[in-house]
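Novice: One-letter residues, chain by chain:
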Amino acid sequence: MELYKQTAHELHEQLVNKKISSVELTNALYERINEVDDKINAYLTLDQENALAQAAKVDSKIAAGEVIAPLAGIPGAIKDNISTKGLRTTCASKILENFIPIYDAHVIANLRKDETIFLGKTNMDEFAMGSTTESSHFQVTHNAWDLSRVPGGSSGGSAAAIAAGEAIWSLGSDTGGSIRQPASFNGCVGIKPTYGRVSRYGCVAFASSLDQIGPLTRDVTDAATVLNTICGVDKMDSTSLNVEVPDFTKALRQDVKGLRIGIPKEYYGKGLDPKVDAVLRKAMADYEAMGAELVDVSLPHTEYGVITYYIIAPAEASANLARFDGVRYGYRNRQATSAPEMTTLSRSEGFGPEVQRRIMLGTYVLSSGYYDAYYLKAMQVRTLIRRDFEAVFKQCDVLLTPTSPVVAYPIDGKMDPLSIYLLDVCTIPVNLAGLPGISVPAGFVDGMPVGMQLIGNILDEETVLRAAYTFEQTHEYHKVFAPVGGAK
Amino acid sequence: MKVTAKDVRHIANLSRLSIADSEMDKFTEQFNQILNYADILQELDTKGIEPSPYVLPISNVLREDVAVVGVSHEEALKNAPEVHNGGFKVPRVIE
Numbered sequence: 001m002e003l004y005k006q007t008a009h010e011l012h013e014q015l016v017n018k019k020i021s022s023v024e025l026t027n028a029l030y031e032r033i034n035e036v037d038d039k040i041n042a043y044l045t046l047d048q049e050n051a052l053a054q055a056a057k058v059d060s061k062i063a064a065g066e067v068i069a070p071l072a073g074i075p076g077a078i079k080d081n082i083s084t085k086g087l088r089t090t091c092a093s094k095i096l097e098n099f100i101p102i103y104d105a106h107v108i109a110n111l112r113k114d115e116t117i118f119l120g121k122t123n124m125d126e127f128a129m130g131s132t133t134e135s136s137h138f139q140v141t142h143n144a145w146d147l148s149r150v151p152g153g154s155s156g157g158s159a160a161a162i163a164a165g166e167a168i169w170s171l172g173s174d175t176g177g178s179i180r181q182p183a184s185f186n187g188c189v190g191i192k193p194t195y196g197r198v199s200r201y202g203c204v205a206f207a208s209s210l211d212q213i214g215p216l217t218r219d220v221t222d223a224a225t226v227l228n229t230i231c232g233v234d235k236m237d238s239t240s241l242n243v244e245v246p247d248f249t250k251a252l253r254q255d256v257k258g259l260r261i262g263i264p265k266e267y268y269g270k271g272l273d274p275k276v277d278a279v280l281r282k283a284m285a286d287y288e289a290m291g292a293e294l295v296d297v298s299l300p301h302t303e304y305g306v307i308t309y310y311i312i313a314p315a316e317a318s319a320n321l322a323r324f325d326g327v328r329y330g331y332r333n334r335q336a337t338s339a340p341e342m343t344t345l346s347r348s349e350g351f352g353p354e355v356q357r358r359i360m361l362g363t364y365v366l367s368s369g370y371y372d373a374y375y376l377k378a379m380q381v382r383t384l385i386r387r388d389f390e391a392v393f394k395q396c397d398v399l400l401t402p403t404s405p406v407v408a409y410p411i412d413g414k415m416d417p418l419s420i421y422l423l424d425v426c427t428i429p430v431n432l433a434g435l436p437g438i439s440v441p442a443g444f445v446d447g448m449p450v451g452m453q454l455i456g457n458i459l460d461e462e463t464v465l466r467a468a469y470t471f472e473q474t475h476e477y478h479k480v481f482a483p484v485g486g487a488k
Numbered sequence: 001m002k003v004t005a006k007d008v009r010h011i012a013n014l015s016r017l018s019i020a021d022s023e024m025d026k027f028t029e030q031f032n033q034i035l036n037y038a039d040i041l042q043e044l045d046t047k048g049i050e051p052s053p054y055v056l057p058i059s060n061v062l063r064e065d066v067a068v069v070g071v072s073h074e075e076a077l078k079n080a081p082e083v084h085n086g087g088f089k090v091p092r093v094i095e
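So the protein sequences, as listed, match chains F and R.
Using this note's numbering, read the first sequence as starting at 1 and increasing by one per residue.
Using this note's numbering, read the second sequence as starting at 1 and increasing by one per residue.
Calculated directly from the structure, the hints in this document are not laboratory data.
As the structure is a computational prediction, the values presented were derived from the model and not from experiment.
A portion of the hints provided could be inaccurate.
Distance condition first, Cα-Cα at most 25 Å in a straight line; then the derived DSS-like pairs of lysine-lysine [claimed, not checked]:
| id | chain 1 | residue 1 | chain 2 | residue 2 |
| --- | --- | --- | --- | --- |
| 1 | R | Lys89 | F | Lys94 |
| 2 | F | Lys19 | F | Lys394 |
| 3 | F | Lys94 | F | Lys57 |
| 4 | F | Lys414 | R | Lys89 |
| 5 | F | Lys94 | R | Lys47 |
| 6 | R | Lys78 | F | Lys85 |
| 7 | F | Lys94 | R | Lys78 |
Output of the computed footprint for chain R on chain F, the stretches with three or more beta carbons under 8 Å from beta carbons of chain R [to be verified]:
| id | segment |
| --- | --- |
| 8 | 98-105 |
| 9 | 132-139 |
| 10 | 307-320 |
| 11 | 337-344 |
| 12 | 351-362 |
| 13 | 380-392 |
| 14 | 416-422 |
Virtual Cβ for every residue (Gly too), placed ideally from N, Cα, C.
Here chain F stands alone, though its shape is the one from the complex (with noise of 0.2 Å):
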């Protein structure tokens, strides 16, 4: 089988078997970017050169006979709002299209220790506001499965290049779905873990109480090893959680029995396409026919997971986008003749459309008169929803939901942003509880992949990942490998 269509765990063993060399598996992926990115567009930027270089030391490290990590050697993507110092990170933005960080991300961090390959930096929804990627500045992503498609967002141009054999492994951030949906779109793997699991130092700050970084990857054993390199506290983030991190590959077991899979009803409402709805009854009935137990549960305040959500994301980012002054970095406009002309101008011209709706947006439910009805309602709500996980995790270890609705749909903008925002209903709870989702392939729809959901309580990523592990080897849809083809 071609090397780039391959998994991380797969590609270690024949690293580290010497079947294979870093330097050739990179040079591989590298290639097969050249062969479809123009159609697929996963990437605003590569870094060919530091790549090949590092994979040269891997492969030294292996001709010595050093023990090297599971990671190390294997060429990954990062969303470009994760900080890589010395590569260009725009978060998809004009605001910041010539910004080259001073610093890595704590994750980055994790991972050069570990000493893996970054081929690249991955196309997204500007700053990360979006379900489609087609936000971006830059350029639009399509969906590997069909050109015409939507990749999902905001982590698009990482579950894209996953899903198109053009990274082994991607990091994405998630504030409301954008690690699950895409993944779900894309047929791949992605998990938000518990939010404080990693350090949130270095991406950039869309909504604090709800970003999480996470990986896409094309099986759940990768998604395992990637949080195993990237989870764990870090001072420079003191939302990061110190507590004690296992070895996530340790709870990749075949084993459901006896486990408890609450079936959550709101989810299965109004608005799911009847056809992934089948898709997820057909994994029910087998989860069961391993010996699960299906309980039905309720989550009474589903329905207002999609506005609390689109008023506390933006109160925050609202504050956290404050900081693009055109003084500092980013963008400039230069026939300003003040200092707040300046400011106010490089904003309009640098943010694009969506986020200055969020931005307003986010301002507005902050500002005087408005902050009871608006904010502080949206934060209670919050709590009720809180209080419905709390509620349903005492009847069961974990939920199983679709993560989207719907299947990709068509790049063609007709939808208005409301419409777009109430296809989150499944995975934003998820952010606003903190808790750890994962999407893994469940089936198809019209030769579209299928996402479903596996929720877990607080910090209990083990179960999740159990409990996709022990779906996912019996029903190899993860297999099943993108046609990459078709009229653009």
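Fit chain R to the known structure of chain F by using the hints.
Specialist: Showing chain R alone in chain F's frame:
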């Protein structure tokens, strides 16, 4: 209508953004669409419910009060749009 074009202009000013006149109607309409949808939150009685600004049970994470090496002057200026005498240069602030 919850907000008018005049309100949107005010919010834009608070946000240090300027909305083109040609975009104003669309922006105002989209704004209202979202705010109208937010009305469903009023169905919920949240009297006495603690707000959740964060989900973690941690606060005031402190470290030892020791000096560490920070960003160098040179690095801090690396991405600056305009530099003058080792500082960030901006247009006139006061007349």
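Novice: For every hint, state whether the structure bears it out.
Specialist: Here is how each hint holds up against the structure:
no.: 1; hint: R/Lys89 with F/Lys94; in the structure: 21 Å, holds
no.: 2; hint: F/Lys19 with F/Lys394; in the structure: 49 Å, violated
no.: 3; hint: F/Lys94 with F/Lys57; in the structure: 35 Å, violated
no.: 4; hint: F/Lys414 with R/Lys89; in the structure: 43 Å, violated
no.: 5; hint: F/Lys94 with R/Lys47; in the structure: 43 Å, violated
no.: 6; hint: R/Lys78 with F/Lys85; in the structure: 12 Å, holds
no.: 7; hint: F/Lys94 with R/Lys78; in the structure: 18 Å, holds
no.: 8; hint: 98-105; in the structure: holds (count 5)
no.: 9; hint: 132-139; in the structure: violated (count 0)
no.: 10; hint: 307-320; in the structure: holds (count 5)
no.: 11; hint: 337-344; in the structure: holds (count 8)
no.: 12; hint: 351-362; in the structure: holds (count 7)
no.: 13; hint: 380-392; in the structure: holds (count 6)
no.: 14; hint: 416-422; in the structure: holds (count 4)
The structure shown violates the earlier hints numbered 2, 3, 4, 5, 9.
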